[in-house]
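From first to last, the protein sequence lines stand for chains A and B.
Residues in the first sequence are numbered from 1 upward in steps of one, following my numbering.
Residues in the second sequence are numbered from 1 upward in steps of one, following my numbering.
FYI, nobody ran anything at the bench for these hints, they're computed from the structure.
A few of these clues could be false.
Stated by the list, open to error - Result set (SDA-like, lysine to any residue): computed pairs, CA atoms no more than 20 Å apart in a straight line:
hint	chain 1	residue 1	chain 2	residue 2
1	A	Lys100	A	Arg207
2	B	Lys47	A	Lys100
3	B	Lys41	A	His57
4	B	Lys41	A	Ser237
To be verified - Across the chosen pairs, the derived CB separations fall in these ranges:
hint	chain 1	residue 1	chain 2	residue 2	range
5	A	Arg260	B	Ser147	21 to 27 Å
6	B	Arg236	A	Met242	35 to 41 Å
7	B	Leu211	A	Arg114	49 to 55 Å
Note that beta-carbon positions come from the ideal geometry of N, C-alpha and C, so glycine has one too.
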Amino acid sequence: MNAAFATVRRYAGIYAALIRYSLIHEMQFKANFLLWILVEGLWFGLQIAFMTVLYGHTDSIAGWSRWEVVLLVGCNQFIQQIFHMLFVTNLSNLSELIRKGTLDLLFLQPVNTRFLISVKKFEIGNIANALMGLAVVGYALAKLHRVPSVAQWMGFVVVCVAGLAIHYSLMFLLACIAFWTVRAQGIVWGYYNLFNIARLPADAFPRGAYRAVFTWVLPMLLVSNVPAKLLADRLGSPWELMPLIGMAVVCFVASELFWRLSLRHYTSASS
Amino acid sequence: MGKYLHVFGLGIQNTLVYRVNFLFRAAFGLIPLAGTLFLWKSIYAGKEPGAVLGGYTLVQMISYYLLVTLVDAVTAVAEDDWQIAADIKDGQVSQFLLKPMDYLTYRLCLYGSGRAVYTTMALIPVSVFIVFQRENFVLPSDAATLSLALASIVMAGILQFFIAYMVALLAFWVLDVSTFIFIQFAFEYIASGHLFPLDILPAALQKVVLLTPYPYLLYFPVGVYLGQIHGEALWRGIGMQAGWILMAYLGARWMWSRGLRTYTAVGG
Numbered sequence: 001m002n003a004a005f006a007t008v009r010r011y012a013g014i015y016a017a018l019i020r021y022s023l024i025h026e027m028q029f030k031a032n033f034l035l036w037i038l039v040e041g042l043w044f045g046l047q048i049a050f051m052t053v054l055y056g057h058t059d060s061i062a063g064w065s066r067w068e069v070v071l072l073v074g075c076n077q078f079i080q081q082i083f084h085m086l087f088v089t090n091l092s093n094l095s096e097l098i099r100k101g102t103l104d105l106l107f108l109q110p111v112n113t114r115f116l117i118s119v120k121k122f123e124i125g126n127i128a129n130a131l132m133g134l135a136v137v138g139y140a141l142a143k144l145h146r147v148p149s150v151a152q153w154m155g156f157v158v159v160c161v162a163g164l165a166i167h168y169s170l171m172f173l174l175a176c177i178a179f180w181t182v183r184a185q186g187i188v189w190g191y192y193n194l195f196n197i198a199r200l201p202a203d204a205f206p207r208g209a210y211r212a213v214f215t216w217v218l219p220m221l222l223v224s225n226v227p228a229k230l231l232a233d234r235l236g237s238p239w240e241l242m243p244l245i246g247m248a249v250v251c252f253v254a255s256e257l258f259w260r261l262s263l264r265h266y267t268s269a270s271s
Numbered sequence: 001m002g003k004y005l006h007v008f009g010l011g012i013q014n015t016l017v018y019r020v021n022f023l024f025r026a027a028f029g030l031i032p033l034a035g036t037l038f039l040w041k042s043i044y045a046g047k048e049p050g051a052v053l054g055g056y057t058l059v060q061m062i063s064y065y066l067l068v069t070l071v072d073a074v075t076a077v078a079e080d081d082w083q084i085a086a087d088i089k090d091g092q093v094s095q096f097l098l099k100p101m102d103y104l105t106y107r108l109c110l111y112g113s114g115r116a117v118y119t120t121m122a123l124i125p126v127s128v129f130i131v132f133q134r135e136n137f138v139l140p141s142d143a144a145t146l147s148l149a150l151a152s153i154v155m156a157g158i159l160q161f162f163i164a165y166m167v168a169l170l171a172f173w174v175l176d177v178s179t180f181i182f183i184q185f186a187f188e189y190i191a192s193g194h195l196f197p198l199d200i201l202p203a204a205l206q207k208v209v210l211l212t213p214y215p216y217l218l219y220f221p222v223g224v225y226l227g228q229i230h231g232e233a234l235w236r237g238i239g240m241q242a243g244w245i246l247m248a249y250l251g252a253r254w255m256w257s258r259g260l261r262t263y264t265a266v267g268g
């Protein structure tokens with residue numbers, strides 16, 4: 001028990017140092033930093049504008065009202081931005097680490113390599129955008145006259161973590177393909193396409209192959225839908241949380257297995 | 001003229017390396033497209049059969065998105081803007097100042113060759129997708145409509161290139177153009193009609209958007225194909241498209257000559 005505690009403390013210390021380093025690096029380019037917050041905010045505004053325009057022509061999409069969909073878009077933004085803050089830059093950088101052979105250096109560190117690859121750079125700017133998402137969630141809830149209970153908020157935190165775990169595991173898995181193909185800049189772009197469907201209400205999709213794949217293989221239709229349904233009190237029973245949490249565990253295990261398989265395939269590019 | 005044909009040929013050879021990449025890119029792009037189509041189907045399902053939204057029946061709406069995907073494959077700027085910015089940053093532009101070759105024309109040839117290869121590869125997954133949606137895909141009413149639509153797609157491509165070229169030329173003045181590329185793209189994404197046909201916007205807003213160059217990149221050529229835009233509106237649109245091309249061309253030339261004054265030829 002004590003040993004486990006010591007390990008957690010050690011990794012927390014390392015993470016704190018990495019965050020501090022990222023901050024110092026980021027503050028060298030302040031204008032660029034602010035512009036990126038603007039870019040992300042603009043895209044978020046665009047998604048809400050799209051939904052607003054749609055609801056100018058209809059009152060309900062697959063049983064979802066206007067503000068329920070705004071709530072969904074807000075939840076999606078929140079999870080996506082936290083994901084960006086923690087992981088996206090790092091994971092999209094993996095192919096470069098492999099191509100240049102910089103990965104060798106990380107293997108030699110006395111720390112778990114997957115940990116280092118995943119969290120090396122911390123994108124502070126995305127906090128602002130995550131908060132924007134949260135603000136929209138709050139506004140939509142007010143419009144719906146909904147006040148979620150403490151238990152629902154706690155559940156919200158749990159399902160957001162599960163959603164993050166799914167995004168992280170799937171993108172990590174995709175990034176590991178670079179061990180075979182080396183050049184894999186298309187990966188980030190490919191993942192953006194998946195993001196795009198996460199913010200749509202799952203009920204709009206007819207039962208069939210598409211919905212099954214994006215629920216049970218690449219669970220994009222769970223990651224933002226379940227948190228939004230939880231806050232909007234649209235869940236039939238708490239059991240509806242289980243597919244999301246179950247898929248989070250499955251995706252994480254799958255990514256770890258694939259990572260180990262990929263490592264066996266690694267041939268250093270340097271030296 | 002011959003030398004630019006040569007550039008075009010070289011561009012084809014260079015981009016052929018990425019053909020599998022292009023194939024995957026186009027195929028992955030179908031995932032959100034299918035999502036959007038499901039969303040619209042579910043909206044129309046909530047209305048009486050044969051309902052018309054913003055002047056579109058369900059079949060026309062789906063055709064709109066399929067055509068946007070096609071036109072986007074033909075005209076979208078892929079790596080060109082990043083490469084132009086990198087040429088300026090790395091000082092590669094210097095060699096064009098010494099050669100009897102015009103950088104804008106050179107880039108336009110490379111853009112054309114890149115699009116030719118991309119379109120060829122993208123047609124494979126996109127046409128399979130369209131076959132699955134064939135009952136929702138309308139064909140142009142007559143040959144005249146089709147040829148006008150094709151002409152306006154070519155013009156859209158040229159306009160798209162000039163816009164991207166101008167944004168990339170900002171590299172003469174700023175360190176990192178990527179934020180500007182993304183900001184420009186965000187406006188383009190909504191105002192060009194990529195996200196939805198502009199007809200579903202409130203009328204006043206639609207009028208304003210139609211004055212910007214963006215609708216002439218996607219919304220207009222697609223509208224011409226579908227027959228949504230006809231008669232006087234069609235000729236006015238063609239005029240607007242040509243006008244914006246001229247403006248963008250002059251703007252691009254002006255920016256280039258201004259930019260060269262601040263150019264420092266980094267890296268010799």
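Going down the list of hints, with the structure as the test:
Distance check on the hinted pair: lysine 100 of chain A and arginine 207 of chain A sit about 45 Å apart at the alpha-carbon level, beyond 20 Å; violated. At most 20 Å may separate the alpha-carbon atoms for a hinted pair to count; lysine 47 of chain B and lysine 100 of chain A exceed this at roughly 56 Å. A threshold of 20 Å between alpha carbons decides the hint, and for lysine 41 of chain B with histidine 57 of chain A the separation of about 13 Å falls inside it, so the pair holds. With a C-alpha separation of about 28 Å, the suggested pairing of lysine 41 of chain B with serine 237 of chain A is violated against the 20 Å cut-off.
In this structure the supplied range 21 to 27 Å is violated for arginine 260 of chain A paired with serine 147 of chain B, their Cβ-Cβ distance being about 58 Å. Restraint check, arginine 236 of chain B to methionine 242 of chain A: a C-beta distance of roughly 57 Å breaks the suggested window 35 to 41 Å. Checking the proposed 49 to 55 Å range against leucine 211 of chain B and arginine 114 of chain A shows it holds: the Cβ atoms sit about 52 Å from each other.
Checked against the numbered hints above, the structure violates hints 1, 2, 4, 5, 6; every other hint is satisfied.
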